[in-house]
Structure formats: C-alpha cells, structure tokens
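Colleague: Fit chain A to the given chain L structure using the hints.
From first to last, the protein sequence lines are chains L and A.
Residue numbering for the first sequence follows the numbering used here, starting at 1 and increasing by one per position.
Residue numbering for the second sequence follows the numbering used here, starting at 1 and increasing by one per position.
Just so you know, the hints here were simulated from the structure itself, not pulled from any lab data.
Any copy, or any two copies together, can satisfy a pair, since identical chains are not distinguished.
Under the rule of at most 25 Å between Cα atoms (straight-line distance), these lysine-lysine pairs were calculated in the DSS-like manner:
no. : residue 1 : residue 2
1   : LYS286    : LYS584
2   : LYS610    : LYS286
3   : LYS584    : LYS610
There are 2 protein chains.
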Amino acid sequence: MKTENRTPAWLPFLPLDVPAELTEPAQVAAFELSQVEDLRAELRPDPDLPEEAYELLAEGGATIVRGGRTGMLYGAYALLAAHAAGTPLPTGVRKPFYPARMINCWDNMDGSVERGYAGRSLWFEGERFDYDPVRIRRLGRLLASCGINVLCVNNVNVHWPAQQLIDGMLPDLAAFAGLLRPFGVRLMVSVDFSQPMSDGVPTADPLDSAVQAWWAARADRVWAAVPDLYGFLVKADSEHRPGPFTYGRSHAEGANMLARAIAPHGGTLVWRAFVYNCMQDWRDTKTDRPCAAYDTYAPLDGQFDGNVILQVKNGPFDFQVREPVSPTFFAMPRTNLALELQLAQEYTGQQIDLYAMPPMWDELLADLPPERVCAVAAVSNLGRDENLFGHPFAALNLYAFGRYAWDPAPRAETVIAAWVSLTYPGMPAEDRGRLAQILLCSRHAYELYNAPLGLCWMVSPNNHYGPSPDGYEYQAWGTYHKANRDAVGIDRTAAGTGYTEQYPEPLRSRYADPATCPDELLLFFHRLRYDFVMRDGRTLIQRIYDDHFEGFALTEKMAETLRALPLPEPDRAVALARMDLQLKNAREWCDIINTFFRRLSGADDAHGRKIWD
Amino acid sequence: MKTENRTPAWLPFLPLDVPAELTEPAQVAAFELSQVEDLRAELRPDPDLPEEAYELLAEGGATIVRGGRTGMLYGAYALLAAHAAGTPLPTGVRKPFYPARMINCWDNMDGSVERGYAGRSLWFEGERFDYDPVRIRRLGRLLASCGINVLCVNNVNVHWPAQQLIDGMLPDLAAFAGLLRPFGVRLMVSVDFSQPMSDGVPTADPLDSAVQAWWAARADRVWAAVPDLYGFLVKADSEHRPGPFTYGRSHAEGANMLARAIAPHGGTLVWRAFVYNCMQDWRDTKTDRPCAAYDTYAPLDGQFDGNVILQVKNGPFDFQVREPVSPTFFAMPRTNLALELQLAQEYTGQQIDLYAMPPMWDELLADLPPERVCAVAAVSNLGRDENLFGHPFAALNLYAFGRYAWDPAPRAETVIAAWVSLTYPGMPAEDRGRLAQILLCSRHAYELYNAPLGLCWMVSPNNHYGPSPDGYEYQAWGTYHKANRDAVGIDRTAAGTGYTEQYPEPLRSRYADPATCPDELLLFFHRLRYDFVMRDGRTLIQRIYDDHFEGFALTEKMAETLRALPLPEPDRAVALARMDLQLKNAREWCDIINTFFRRLSGADDAHGRKIWD
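This is chain L alone, in the form it adopts within the complex:
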C-alpha cells in the first residue's frame, strides 16, 4: 500500500501529520519517532544540556535521544534522517552554531509574496490570516527538521494592514505562533518605523519621548499576546521606507530606541543594513552603490545596543548571482551582525531555473569566517503551491540553509546528496547521484549563461527574469555596467570609486588587482577593455562569448540527464516543464548578451559560433 506523503520536500519518511493536540517539542519528537516502525528510540530530557542541544547514544538495541527542550526534537529529526538515508548517526553533543536561524518571509497581507515564486502566501489572504492549520504544522515540521527556529511572518516592506499585526490582529498572531511553537519555531514581525504616527503621535523621531513611550507600551501589548516572540525586523530608510534619517538621527539611534522598548521582554531587534540611494542619477559616477552599507554603518560600530542585530546581505548589492562578500562584515567587530541570504530565487532563476545554493555558500564561507556573524537569516522561498516551493528541487535550498545555519561549514556535496537521498528514497542510488550532480553544477551553469565574470544587473527591470543588457543602465538604482565599444565594468579600486578600500587585507589586494581578482568577479571590480588578456590567455570578449555558450551547453546537458531520471510524479512533470522554460531562458541569455557585446565590440567569436546581428 502506498503511504501518502503528506509533507512534501525531504520528509517522505513521515507519512502522518503531527496531531493538533501536541504542544511541546518533546511530544512532537515522540510522535515523529513513533512513525517509523523499525526504529527503536527513546527520548531522554537533559536539563543540563543547552535548550537546543542533543546527543544520540546507542544503548542496547535502541537509540537514546538525549536533549534540551527543543534539542530532543532536533535529535529526533537527526536520527530519523540518518535512519532514512542510511547514513551514520551524528556523534557527540550537537548544538547549533547560531542561536538564531531565521527565515524572513516577504508575505503581504493581501496574499501576495514579494519576490515569491511558489504561489501565494501560506498564511495571509484577503488582508488577514487565512491558512490551513494542518499545512502550518507541516511547515513547522519542515523548519524544525532542518533546524530553523525563527520565522518572520510579514514582508519587510510593511504594507497596510500589516501594521495591525502588532495591534488589532495580535490575537491572530498569537494563534499562529501557537501552531509553530511545538516545533521550536518562534515568530518575528516586521514593523513600520513610522507606526506611532498612525496612532496619534505627531512624529516617529526615535529621540522623542512620546515615540519611545508609544513603542514601549506597544511592546508590552505584543509580548503579552506572544510571550516568546523573537523580536522585530526593520527595513528603515531603504527604498522609500520611513526611518530615522527623516529626523536627522542615525540608524543606531533608530535601532536602539526600538531595542530598548522590547528589551524588557527579551526581544531582539533585527535591523537591516540595506540602505543606498535608490534615486541615483545615472550620470553621477561618484556615487557607487556597493559602498553604501559600509559608509552608513561602519562609523556606527559599537553604538548599537546588545539586543540589536544588524542584518547584512551577503554581498554589497542585492542578491546577484555573484557578488563579493560584503565588506561591512569586517568593519563592525563591536556590533552583532547577521548574515542575510536569499532563498527566493529573485535573480537566480525564480524557481524555474535550477539553482542549488550550497556551492555559493561554500565560496562565501571561504571569505567570511562563520564567527564574524552571530546569526543567519534567509529570505524564504516558500509559498502556497502544493509542493511549497514552486520547483520541487527548490526545497533543497531551504533544507540546506537550515543545515548550514546549524553548522556553517562548507560541504555542498554532502548536503545535496543528503537532500536527494531523503527526498527521493525510491530512486536507484546511481540516479540519485546523477540528480545530485545536476544540482551541484546548477549554479555554475546558471552563472555562466546569466552573469559570468561578475557582470550583474543585465536583467529585465522589475520582474528580474530574463536578460536586458541595458535594462538598469539608465535607471536610478545605482546599478551600471557602462559598457561601450571599448570596455565594460566599473573601476571600483582606489583609482576608481574606492570600493575595494573598504576591505581588509588580503581581500583588498586580491580584489584590487586584475591579476589576482578571481575571474568570476573581474568585471565587478574592474573596468576592462575587450582585448584585455585574462590569466587563461583568452581575451575578455572571447571569455564573455565562451562562458555564455558554455552555460547554455551545460544546461542542455543537465536537461538531457534530467529527462532520463526516474523521478516520481508529480515532481517529474513539474521539473521537466520548468526545464523547458530554463532552456529557453538560457538561450535568450546566451544569445542576447553575446549579441549585445558583439554589437559593441565588433569582435567575432574565435570559434565561429553563431552570434546574431
């Protein structure tokens, strides 16, 4: 008899939904362990362990899951996953590297999801909470099973009536929190910095005592309703959001004011470091957007309160296919920093094109030691689609994010193989290996046809899918490549905009010299002539052509392999249909970018391949 898999993604070994009456992580753990018949396991609470820690111990023929309150649940999922995948049990006491492992959901209360590619919001519709509690519990299981413990329910762009989440809708927020609490998942809310003004306070100035009093009173109400709320998330003075700049105050003053209001309740204030001039004149070559976060925040190091976390995007732009690590991470040793990643594939294929992120994170970890930050957050890729992710393989990115957030060590191959084994246990090992290989190379292929050599922002404005070489070139977003008939790129060295000066050594020297700058970032940091000879002996223009052709060819190979895989339905149908779209997209990128540069440079392809006029 086929057991119905009720939770999609990587948990087919858990056929039954978690019953509504279970309220404690230990109860959930016991229930989950009971679902697998050939597994003998026993939970053993240990108040001496940290709350999220666990240890798996063999005792007699059984496995003991020793753990703290939520640690027992994490241990149970670790045991179940190892059992299902046939991998060895983790040894020793396990505890998460980062205490806060957050997903930021850009869900709007009208049911849309900003940059969402998996359907509408799982919990909002029609300006209110509107969800199936069974699905929300499945979500809780999904998050706990990979170690995620904080979920921000609403978009950082707080659109009315999301302000009501900390007002008239508090009972609904509390009910929603109650659904995820058994899974060790705490809620967070994105708040509107100017909200006091919609409640009769004439200002939102963080130094105004009426504003401070309003937020303190509001925090009392909020934590009374949801006592374990993790905190508030704030996008301020960014892309037309209100913020302290309106009042001539610094972001430390703004963040600390909110942090003090929620401190009595143990709340954490997460403040996004995503500030730049989004009304830049394209004629202005002095302003360089990648410099913005460092320029704004580095001078504030040491000024943020202890319960403030400054959340910094991995790169200095905005989740491009390839960016160097943000220099802000190295400039604020006395500030709590969080790393912000984006699982939603805004610029990385929109859950149509395959784009497994672990290889990208491995590269990031090579430049960013995990201890530089104290927390991690990722923009969610979830939605109301039946499979929750739009593309069944997009689930890998959430799974892997949880694994990396728990243990930030480079291991893309291992994590991808684990996800494949858990997700498709019925597929022969050889085919699982093939699928893992596709996923492992997916980012490389995408980068090659889309944005090799650090060339970013050649994307269709607004929707961010498909090529538009000059699409952002004359706009106000600070995103320019300045390609002309001779050269392309922005000189971001000391001789140019000075952006490389924001880095410590050895990054500074590595990036500043085209001879040591990684090929993949060459045009991010340098303006180079098309006849510039790269380390491999090819000219820049030939390399642009070659990379795009190679990316498309790789995608064709991936498609061929994918078609031959015995994936179960409906995943197979969805994956193949999306691969057809990816092939179209890859061809457009390859042909359009190559044509664009050939029109500019006049250079023929050395191998005589077709570049269209």
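Modeller: Structure of chain A alone, referenced to chain L:
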C-alpha cells in the same frame, strides 16, 4: 459676475449644461444658441439638405441656420464658435467630408482605460456603466461641437465582462446611447470574435452556420435595444485576440460574416487592420513588422462586403512619433478604408509632454489624399479627470481631430489658433499667439529629443514613457533598430526587407533612396553608418547628437514662454507642473540617447557639448 464654465475645453462661451429633457439635435441647437445674449439666430430645418449639412445665412440682423436634422446642430456650433472667436462665418453649404467621424475609446469595464492619460473611464467603473449623466451630456456637446458623430464605448481588447454589452447589459447600453443621441453621436461597440463560444456554440468559425446564426440573432437583439447603433468594431487575430485565423479563414471571411449579421439593421462592421506577429523571434531578420498589414490585407482587396470598413493605422507600426504613411492605403482601391489616428498620447508624451497633432496630420495629408479613405477614427484621449484630458492643452487634439475629420485639409496653424481663441478668450491676443506658437512647434520639439530621423521604439517597454534605447531590441514585438558600433537602422529597401516595394510611385523611389528619403524618416527606411554624410553635410552621428540637444533646448524655450503666459487657473498650474515633468523627460531622452550612441560609435560631439559616459 463670473459665469461658471461647466464644460471644460474649448467651450467657455456655453455656461449652462444642456437640459436632460432635450432629445433632438434641433432642440439642443436652439438651447445652445439661446445661451449667447448678443447673438440673433434662427434655426431653419431643410429636409432637402443632407442630414449633417448646414448653411449659415445672414437675414436681416439675424443669422439663419439652415440644416438637416443634425446639420442644424453643427451649424449652431459653427455659428457660436465664429461668434466667440470673432472669425468670419463659414459660407455656402457645409457638409462633412467623411460620413463617419469616430472616436474609439479604449475603456475597460473595470474603469481603467488602456493607454488612458486623463484618469479613469468616464462611463465604466466596477464592471458596469457608472457615470454622471450631466458629464456625459457635456461630452456629447463637446463631440458635436467639433463634428464627431460616432463613439465606440469599449476597448478593442474586449475584456470580460464587456461581452455583456451586447447581452445582459443591453438596457444600460441603450440608456447611454440615449444620452448622446441628442448630440448626433451614435454608439459603436467593440465585440469579441469568439463570443459565440461563451454562449454554447462550439466554435467561432465564421463559415460555420451555427456561428452565423448566433451573430444574426445577436444583432437582432442589439439593434432592437439600440436602433441607431453605428456598428461593431473588431480587433481580431492581433496581440492574442481571437480571430478567423484560428479556423484557417481569411479576414475577409471573418469580417463579412459579422457584416452580414448586422447588415439588415444598417450596421457597419469596422475591422482593424492591425495584424502582425507579436511573438517574433528577435533573431529573425526576415520578418519585418511594417510589412504585415499590407501582406495580410492587400490580397483581400475586393473581397470585403459593402458594409465593412477596414480601419488602417496611419503608419505601418503603431502610432510612433514619426512613421511613413501606411502602404495599405494605396493597395486596396476596392475596399472601404478608414484612417485610424491616436489622440491618446501613448508614445507622444502621455498628456504630460506637449504634443499638438495637427502639424503631423498636415504631413500625413501630403502623402495620403483624403479620398483614399471613406472614414476616420481616432483613439480617444478622454478620461474622468476634471478637465477631461489630463493636460488642458490635450483638448486641442480632440478638437482638431473633429475639424480635420469634417474637412481634411492641411491647416494646422488655423485650427490651433482657433482652439486657443475659443479656449482662452480672456487672454490678450499676443499671448494667444505665443501659446499657439508653442503648440505649433510642440511636435517638432518632442520629435527632436525623442525620436528624430525615424528612430522609433527606443522607449520604455510596456508603459511607453521615457527612453530605453534597447528596451524593445530583444523582445518579441518586431521592433528593432539593430544599432551596433558602426551603424543603425533596418534596410527596408528591395535590398533589405523589401518593405519599400509595398509603396506606389513616387513614394517608393522617394523612400528607397537615402538621397531622397526625408531626413525625418531616414533611419526608418535605411541602415546607415554613423559617418554617413547627410544632405546638410553633417554626419549621421552628429545629426543624432544635434537633434537631441536641439529638442531639449526648444523645450526649455517653450517652458520659458509658457511660464510667462497669463493662463487662467487651474490650467496654468496643471500646464506648468506638467512642463516641469516634460523638461525632465526631455533631458533624459537627450542625454540617454546621446550616451547610448556615443558608447556605440565612440564619436565625440563636434561642438564639445556634454555627452555623459
């Protein structure tokens, strides 16, 4: 005492609204004449005159308005306008050159207006008719006063529930028709070619007898409700609209089927000749969109029924700032053709930038003898804004359209001067002259900074405001300039796509040779190197730079003149605020297009003016 002007635009001399109880044009005429105290006039019905004809005769101290049924109303407005402007009375019997003088309103039933720049629909909102009858009667007066006699109520892209206009909403359509009937304005409805299929007929094949029967029965119902309905307007097989191509039928077969259904009721079937491949692969250089209408329709000449009018856009593309006359007009001598213009300023400034159309129409008339067509239509520029047009000066284009439709003779200067005199009677004559001068040169200025030399489609995709040099370059709309480092433009001569072959002489030779092709169309017809030397001795690239700089400088001068004019409020505030936006837009066009071509060509400006990197 200031008399309140209730009808905006060019009719300040009519202070009172037309009372609801007047139902006949003659009654309206009598009422309008009675409003002007120092005017002695008398209506004299003359059944021997054509219905729309009139003659103004001096008899004693009075003026006799002799006319047919609606002719008396046209005569009354002619008399009132001449009286208000202090111009001589028209002499002899006057009758319109074209029996059908139509505006096509792209109003959707949700209240939006496709390509509308004057607010929401004047008569639709919330999926139904929703209007102020007083405003609709004012609209009727406005149309009659300039001679327009047909109004198509709904968008040619028939979005649900607009199908209901000829179904459950017929009583509402009839009521609306009744409001405009006293002004000699007949309604027309845009219909959905596939509508039988939403009513149980399994096909919309025009040769299917069930389809024919459905339309015949439907026409019976429609004309029973609105006996003087002018006819149906159809956009078929165009931009994803349904049409006869689905069934392997020609457009003659499709149009004739509908025409036969409505013929018993005296209905006219207006069929838009706007068919092209909107899914073109940008790599395909064989397909050339301007060829499409001729290729589709010329072979069908002589096959359309007598009550079919084929409505052809002025140029072969889509209302660009400058296009050559459509060759289709010369290819179908045995077909009723209508000329379609666009008053809505989709590509021509969106009722922000000034763009008076009569100079453009004068040029068109030089190539297109009026007798080549039997009717004229214009896409409406009306909306629910207080002033009906968004920009107060945009009213000129509707007024002038009516005047040209009545009498298609080139006279931009006269018509613009008349509009200014009627609209701003309180302004000193010298200032009226200055305003007329601004309007007269507005198209030239706009063309220079926007799209000189026949360079079109360098516009922001979708919204069509603001420059985007490559915005349409890699898209599916068939709109390419193919600019590279050496040259720009498409060769549309016999050596290229062959488009010029569609023209009769002398147009064919004139366009085909760069030496005789007008400068303004040079890059429409030819692909030329940047160092091509034009007749005035300047290189093509220098001319591109010069034109854009000159367009911006002209706009600055227009702005200066405008600011000094004693325009009445609120027109002055609106016009000045929009001029600020136009200046920004003009600067963007000038700088971005020049930068785009400098990046490609590498050519410096001969006069050392600033072209940005």
